[in-house]
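Undergrad: Using the hints, build the complex out of the two chains.
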Amino acid sequence: MSGGWGWRGGNGLGSGPAEVFGNARLSRFDFCIIGSGAGGASAAHVLCAAGHSVLVLEAGHNPFPGIDRRGPLRSTLHGNDELKYGMRSYLDPQGLLDPRTYRQLDDAEAAVHPDVNALPKAVGGAWQHADCKTPRFAVADFELRSRIEALIGATPGLAVPGFGSDAGSANFADWPISYSELEPFYVEAERLYGVQGAEDNPFQSWRSEPYPMPPGVPMYLGRLLAEGAEQTEFFGEPLHPHAFPASITSRFYEGRPPCVDCGFCAGFGCPNNAKGSPAVTTLRSALLSGRCQLRANAAAVELVNDGGHVSAVRYADGDGAIQEVAADAFLLAASAIESARLCWLSATPDGDALGNGSGQVGRNLMFHHQTLVNGFVPQRIHGQRGRAVSHGISDFRGFEPGGEAIRVFTEGGAKRVRLGGIIEFGGSQGLPIEQDGMVMAFSLPRGTVPRFGLGFKNALRDGALTQHLLALIMQGEDAPQLGNRVDLDPSVRDVHGVPVPRVTYRPHNYEIGARRFYVPYMKQILANAGADRIFTAPCETLLGDPPTSRHVMGTLRMGSDPATSVVGPDGRFHDVDNLYACDGSVFPTSGGWNPTLTIFANALRVAHGLAG
Amino acid sequence: MKAGLTRRTFLQATTASAVAAAANLRCRPRPAFFSESEFETLGALCDRIIPPDGDPGALELGAPVYIERLLTAFDQDVPFLFAGGPFSGRHPFPDYRTGTPSRVFPTDQFRWPAPPSPIQERFWRAEIFGSVESGLPPHLDAQAGGPRRGLRDVYREGLAAVDAAALAQGGRRFVELDEMERDDLLAQLAGPDGLPVDPVRDRSFLDLVIQHTLEGCFSAPEYGGNRAGEGWRMIGLEGDSQPLGYSLFSEPDAEYRERPDHPMSTPNPDEVAPDGSLAPRPLTPEGDQVQVTISFFAQIVERFVPGACT
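If you're matching them up, the sequences are chains A and B in order.
The numbering of the first sequence is the numbering used here, which starts it at 1 and goes up by one.
The numbering of the second sequence is the numbering used here, which starts it at 1 and goes up by one.
Derived by calculation from the structure, the hints in this document are not laboratory data.
For glycine and all other residues, C-beta sits at the position ideal for the given N, C-alpha and C.
Careful: at least some of the hints might be erroneous.
Unchecked claim - Which chain B residues face chain A? A few, computed with CB under 7 Å, are given here:
1. 144
2. 210
3. 243
4. 245
5. 264
6. 280
7. 305
Stated by the list, open to error - Capping the alpha-carbon separation at 20 Å, the derived lysine to any residue pairs in SDA-like fashion look like this:
8. 523/A with 293/B
9. 415/A with 167/A
10. 415/A with 235/A
11. 523/A with 295/B
12. 523/A with 303/B
13. 415/A with 231/A
14. 523/A with 300/B
15. 523/A with 310/B
16. 523/A with 301/B
17. 523/A with 292/B
18. 415/A with 149/A
19. 523/A with 298/B
20. 523/A with 307/B
21. 523/A with 302/B
22. 523/A with 237/A
23. 523/A with 296/B
24. 415/A with 164/A
25. 523/A with 231/A
26. 523/A with 306/B
27. 415/A with 404/A
28. 523/A with 533/A
29. 415/A with 154/A
30. 523/A with 233/A
31. 523/A with 142/B
32. 415/A with 234/A
Next comes chain B alone, as it looks inside the complex (with noise of 0.2 Å):
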């Protein structure tokens, strides 16, 4: 059976959405919090995270609004920590009676946040605008190293040295750089020379942009990036499932029917053959790397700590 999506199908049917994504991304909501040229270096840097190739880079996506959203979430009575619950509203409930999707869909909750707890608001507040800004008792920054530098001053400083460094080195910003020069600076700045490590975060600037980018194209769309869902879809991953899930419960027979595009128990259509045998899709060079390393890893540490790894 060959019912599931291939990424090719998936380009196909995103194309339209992604060119109004795009179209988009000049009308950025309000409250603000970057500048005009702040906001263009921050998109130029996370699209350099995730470049655009066949599938949206991380500007497409809308990692850059995420960010901004993270930075102004106490902008909102109810601060926009944690979207909502418990559905999307992008899946319908199943249908009980059949053991099928039903045409009924929830409204989506994500779009409200979940309130944070007294505590959980004293630690985002002290991540954004900083420890000491926020009030927080000053044993706890003493004992976390030092004061915990608040998000937005990072953001800034941080722009505005990736800046810095473009311009010392060729007298342009980092927007004016062609793409070959934003990866060759990106390697600069990542590297030991590069960006100065925040002992307590244990994070340089472009460590947070990486973060906050990968937060940005896989979160759920309410948090402002992951533009339709297309950061899920170009990874093969279908995001939240709920009401419907994978398991459809079929009341009058008391048994479970699994979704023909979207197995449970058996391989992935789109990686069986004809014949019934497996097919699996080849991995890229770097993903292969990213499996060896990891096994490699393993036995690296083991040679350091006998026994840690058998």
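So that you can see chain A by itself, here it is in the shape it has in the complex (with noise of 0.2 Å):
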């Protein structure tokens, strides 16, 4: 056996410790963008598309070999293999070598923890292993602050956690940007990453244009919910099941195919390329012309800087060598967790975390609070074919129709605002290993069910989870709070020896509200679908452990007042002349919907307004 830092020698893998993509000639950048994922793929492709040279570091591997070569996009390395990604973690990273730790209150001592919200590390990031939701955030998301005020203020008796009186326990802020001046870069988003939808939820704002692809084939369990949403009633009225807009092909699409509806979507990579991963759209046509340089397997560990200015990022390759490369200025998108830790590994001369001057680098970290709401139909529910959700509905979010004002809900002659989130119908994705096999064996109460045996085989064969279980997740809005941060760990370290992000998170009472007000209108959409034993999954953050909901937003909040946010409207820090963000970190709020088609948009109108 080799050891220590000569382990990779001679193995003849042949792509050494720098995978370099693209044009490996370039040597001068104009840009350097952390991160290949939604905000830095986006942001590379409208660089180079005006001129610009860039340089793109991943600390990922790359799935797609071929991406840079012209003519047909070349297949990628992603298969339907449960264990790849399941079990062996083919994208995500390995917490043994890449730990976090976690904690709910300052004053506890954070424990490393298994899983604090990674999200994959490879080149075009997590939207290659999601599903690909991509609803849009709504008029009234932008100005949820000023709006909410100006109701407590028009409504007597109208408290609302976090806003009025209790404003001081959150952090809310509007958006510096508004719909309007979002939806151009909307548009541009769904046309780049290839959207699918259909225009049939009423709570959505106004497009200027159509979604580039209808909807493809409805999934079976996505009509069982739809029908029993369609008979449950809401205020005096039935809910509005609408098709779930997706970056999934359902036509042939810029040189990719329709999807399929292999199944294996949520948490696994394309095989087709169907899914709009950045990798094969946006980050591809950089590649392409001719001014991009990929880096894979370079790890980000410090940016060199005066305090007002970086000359230069270090990185770790996959030697775990450390190199350093010079541009003119910088992008972070390495997503809101790591592109704040970045913040804290590259100290100011006066030893305070990079663009810190407000103090607000790292905090307002929000996740979504998901409730999942399940129940059991007697039928397999084969969602193993299919997109993971075909339907959804946006009811919950608390907007009324158009999502232009907040909507009032009269309680027992009380006023109320509710927001939650966009409602996912979702269920058994016909994974045994995983979600048959390994609940039985380690996750229920030992002694409760049957962990081997002929009864083991039994309830593997029924599919017992893998194919009866309906599924309702509400992606619902979190609260910004300045407590809630990332911070450096004081003494854990990653395989490079950098010190890990330190993640202190607890819920506020206003997604806790919302969650407790939708619960038992979840359990009748799912009873009216035909659903047995019902329940409510254990919200993990109640039971103390990190938020599992794989999006990732605040850290470097966007603002135009440079005294309470970290980033002005353009994306640039207040307090550096050439570093700007562009991934889930700038987000002031959190919004009821998946995040990513905003950090698209939002990623393609920072650079359009650098690329001049």
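TA: So this is what it looks like as structure tokens:
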């Protein structure tokens, strides 16, 4: 056995420590983008198209060999393979080498936790493992604070957690941009990433262009739940199920074939590139421009700076050796936790985190508060066929139709607002190892169900979990809080010896209240869909664990005021003249919608501003 | 419409290949890790976790071969930790002119591993050979609660411990016990006074064998188990389905067609009665118990943490 840093010598892999894609001859860069996912690839696409030279650093490996070659899109290394993704983490980081620590309260000691909302590390980022749901935020999301404060002022007796007299418990802010300003970039994002959808959601805000593609084939489980929702009364009206927009092809689209509904969608890479992963859309177009160089297995560890300007980035390559590369400007797009970590790792001459004049770096960390209500049906719902989710409802976001106004409910004479989120209609995905076997063998209390033997085999053959579970998942808005934050753990280090992110997070009454309000209606939908044994899955944050939403936002808040935000409306750090952020870290609020389309749109907006 | 395969027809269709597979068990591919007697014990152990009945058990499905392939993943130039992609060759391309399956099959690219990244390779070397032996920086071990013992050592010692327990009780090795005795011993080893739990992995040896048996029965056959996909067929799954999938796009009329045997938007044909009403196949008592337990478990959690499950 070889040991230490020489471990990789002579194993015949041939790829070496530095995997370089695109134009390998480039050595001078106008921009260096850290992260090749949703934000970084969108920015690279715009900047390269405008004639700039761009270096993209990606901490993970490349499952898309050949994306930098002209001609038809080559095949990927992704496959319909439960073991590869679910059990062996082909895309997710390994906690042993890449740990994070978690605690709920400031005075508690943070502990290494196996999964602090870890997102995939690979070329193209986390979107390749998602089921690519792309709702837009609504008009009211961008002005949530002022609209709710106005409502409180105008409505006697209206109290909202985190607002009015309780405003100090949270840190809500309006976005410095409006829906109207972002709308053209939503259109561009939907076109670039190839979104399917239907204009059948009454709660969606106005659109200037139709969806590029119609929805694909509905899933059986989605149809069951849509029927259940239509039979569910909510304040005098039936609920409004709609097709769930997704950046998944339903037609031949820009060299990619229509989705075949293979079912290995949420948690898996797409074998036929029907998913609009940045790797096969925007990042590819940047690489083909001749002005982009992508370095994979390159984990940024420090921005070399004088406090107001960044001159270079240091990264650990595949061998763990530290490399340094200069550029004129830098864009952070490593996702909210890693982008904030990099600011903390890049101390200014006076010892603070880079860009932290406001004291807000790392703060206002948000995940969506996911509420899962489940039930079992007698028939097999074969969720292994489909796109994981084909339908949903937006009634529980708590807005009026059109998404322009916040809905005021009258409950027993009292006025209330109830801001939850979009609901995905999901269920069993037909994954026998993870969803049946591992749950029976390890997740349930010992002695309650068989862990081996014929009884175990019987339950596996029944597909007790992998075939009969209907699930509603609400992407509840998560209140921004100053205390919910990312900084560096004082003692824990990653494989490169670099301090790891320490996440401090606990939920707010804002999202807990919305959860409690909507759960009974969610149960009613399931009952109306024919489900039995209905239950709400334990809420991980209430049990003391980190959220597992994979929706990570905040930490580098965007705002106009340098005293209360980290980056300006143009994405540039208030304190640093050539550093920008263009991932989910800049979100002032989390909305009640899957966030990635908004990351795409905002990154496109920031990059167009930079491209000149 | 009754176009779907029932469990019985699955069985009939697979009997021939199952017999052939059982005959093949003796010629296991090199390089091997286990001795013949270790391999026998492992096979007997896997086969009590998922025992044979009308459907094959874990031994026949190839779970021990799967486990040995995992432990010898680094014997190849490119370690076989992740099957390649995108297709297995088990399903044809769709014919977009008609919205039906074509007769053209891709080659099996799952057979060629997708290379692990440097970080992934370091993790898996630590997992298989041990963190100390593979030269992982010691601070990682300290943070993880101690050094990670290599799976190769864990298996070698674990199998010896199983045989030792069998010998201690009746003077016979595990493979010399009859089925009922094996099950009794397994229950004992799984109990509180059984095999110790490794705190770093939070797994006992038996736990690991359960996990790896599941993996070996239901992962893609290219990993060495799930012989000819019989593990999937046994539980009514199709496994991988690309590039065909379930929704077949027809270009001339710009519409999708569904596969009558594996519909997307309607119930499985074998669960629909002739009059069109649903005729679900009832669960076994154990499957039923799993659902009841999960549903009830949420109520228990709610009792201890009010609000967590409401």
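Undergrad: What are the numbers of the hints that this structure violates, sorted from low to high?
TA: 13 and 31
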